[in-house]
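Each protein sequence line maps, in turn, to chains G and U. At position 86 of the first sequence the residue is numbered 86 (our numbering), and the sequence of numbers has no breaks. At position 11 of the second sequence the residue is numbered 11 (our numbering), and the sequence of numbers has no breaks.
To be clear, the hints were calculated from the coordinates, so they are not data collected in a lab. Virtual Cβ for every residue (Gly too), placed ideally from N, Cα, C. Do not take every clue at face value.
From chain U, some residues computed to sit far from chain G (all C-beta separations above 10 Å) [what the hints assert, rightly or not]:
1. I11
2. V24
3. Y64
4. V114
Per the computed footprint, the stretches of chain U lying under chain G, defined by three or more beta-carbons under 8 Å from a beta-carbon of chain G, are [to be verified]:
5. 45-57
6. 100-106
Lysine-lysine pairs mimicking DSS-like chemistry, simulated, CA-CA at most 25 Å apart [said to hold, decoys possible]:
7. U/K38 with G/K9
8. U/K38 with U/K70
9. U/K38 with U/K3
10. U/K16 with U/K115
11. G/K95 with U/K3
12. U/K38 with G/K95
13. U/K38 with U/K16
14. U/K38 with U/K115
15. U/K70 with U/K3
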Amino acid sequence: NAGVTQTPKFQVLKTGQSMTLQCAQDMNHEYMSWYRQDPGMGLRLIHYSVGAGITDQGEVPNGYNVSRSTTEDFPLRLLSAAPSQTSVYFCASRKQGGVRIYGYTFGSGTRLTVV
Amino acid sequence: AQKVTQAQTEISVVEKEDVTLDCVYETRDTTYYLFWYKQPPSGELVFLIRRNSFDEQNEISGRYSWNFQKSTSSFNFTITASQVVDSAVYFCALSEERSNTGKLIFGQGTTLQVKP
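Input sequences plus hints: build the corresponding full structure.
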C-alpha cells in the first residue's frame with residue numbers, strides 16, 4: 001500500500017498564480033483532510049471531507065478550495081496564491097469509525113513558497 | 001470547543017536528561033482520542049501513541065512514557081535518558097468521536113533540542 005501520497009513535495013509560486021496540491025490514498029478511507037503548518041501555530045485544519053461529494057471548511061479555509069469526486073482523491077486548490085499561503089501542507093486520511101484501530105495516515109507534506 | 005495547548009514552545013536539554021512535554025486539552029465530548037506525533041528535521045509526521053478517553057492507564061514504550069489524567073485534562077509525554085535523535089518538534093492532538101468528521105486538533109508543538 002502506498003498510503004497517502006502528496007504531490008508535489010516542493011513548489012514555488014508567484015503571487016496570483018493558481019495551483020492544485022494533490023492528495024491520493026489507496027486505503028479506501030472515508031475521511032480526508034488538509035492541514036497547513038506554520039511556525040508556532042501547529043497544524044491547522046483547512047478543509048475536510050467525510051466522503052465522496054462531501055466537504056466542509058476547517059479553521060483556516062480562506063483562499064483554498066477543495067472537492068472530493070472520488071474516495072481516493074482530495075485535491076487542494078489555491079486560486080490566487082498569496083505570500084500568506086507560504087506554508088507546509090499535509091494531507092491526512094482516516095477510516096470512518098477507525099480511530100481506535102487505525103488512527104490517521106499522513107502524507108509526507110508539500111512545502112509551498114509564494115513569492 | 002475543542003482545544004489543545006502545548007505551553008512549552010522550546011525545550012533544550014543535555015543528552016541523558018529526562019524531559020517532560022506537557023499537553024492540556026479541552027473537549028466536551030465524552031469519547032475522544034489523544035495523540036502524540038514527532039516531526040524530525042526531515043519534516044514527516046511520525047505517529048507515537050494514541051490513547052482513548054476511557055483508558056487512563058499510563059503507557060511506557062522503551063524510553064518513552066505517557067501520563068494521561070482526565071482530572072486535569074492532561075496527556076504529558078516523558079522521554080527518559082534523552083538522546084540527540086530525540087531532537088524534533090512534538091505535537092499533541094485531539095480527535096473527538098462525536099463530531100464524526102475525522103478532524104484532528106493539534107497543539108502548537110514543542111521543539112525539543114537535545115544537546116550532546
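Are at least 3 residues of the segment 100-106 of chain U within less than 8 Å of chain G when you compare beta carbons? With 7 residues close enough to chain G, the hint holds.
Keeping to a limit of 25 Å between CA atoms, is the pair of U/K38 and U/K115 held or broken? 18 Å, holds
For the segment 45-57 of chain U, do at least 3 residues have a Cβ located nearer than 8 Å to some Cβ of chain G? Coverage by chain G holds here, the residue count being 4 at a Cβ distance below 8 Å.
Taking 25 Å as the top limit, are the C-alpha atoms of U/K16 and U/K115 close enough? 9 Å, holds
Minimum Cβ distance from U/V114 to chain G greater than 10 Å, as the annotation requires: 20 Å, holds
So U/V24 supposedly isn't at the interface. Is its beta-carbon more than 10 Å from every beta-carbon in chain G? 14 Å, holds
Starting from U/K38, check that the Cα of U/K70 is at most 25 Å away, please. 23 Å, holds
So if I understand the rule, the pair passes when the alpha-carbon distance is 25 Å or less; does U/K38 with G/K95 pass? 22 Å, holds
Checking the smallest CB distance to chain G, is U/I11 really beyond 10 Å? It holds; U/I11 is separated from chain G by about 14 Å at its closest Cβ, greater than 10 Å.
For the pair supplied as a hint, U/K38 and U/K3, confirm whether the alpha-carbon distance does not exceed 25 Å. Given that 25 Å is the threshold and the Cα spacing comes to 19 Å, the pair holds.
Would you mind confirming whether the straight-line C-alpha gap from G/K95 to U/K3 stays at or under 25 Å? The given pair, whose Cα atoms are some 23 Å apart, holds under the 25 Å limit.
Minimum Cβ-Cβ distance from U/Y64 to chain G exceeds 10 Å: 17 Å, holds
When held up to the earlier numbered hints, the structure conflicts with none and fits them all.
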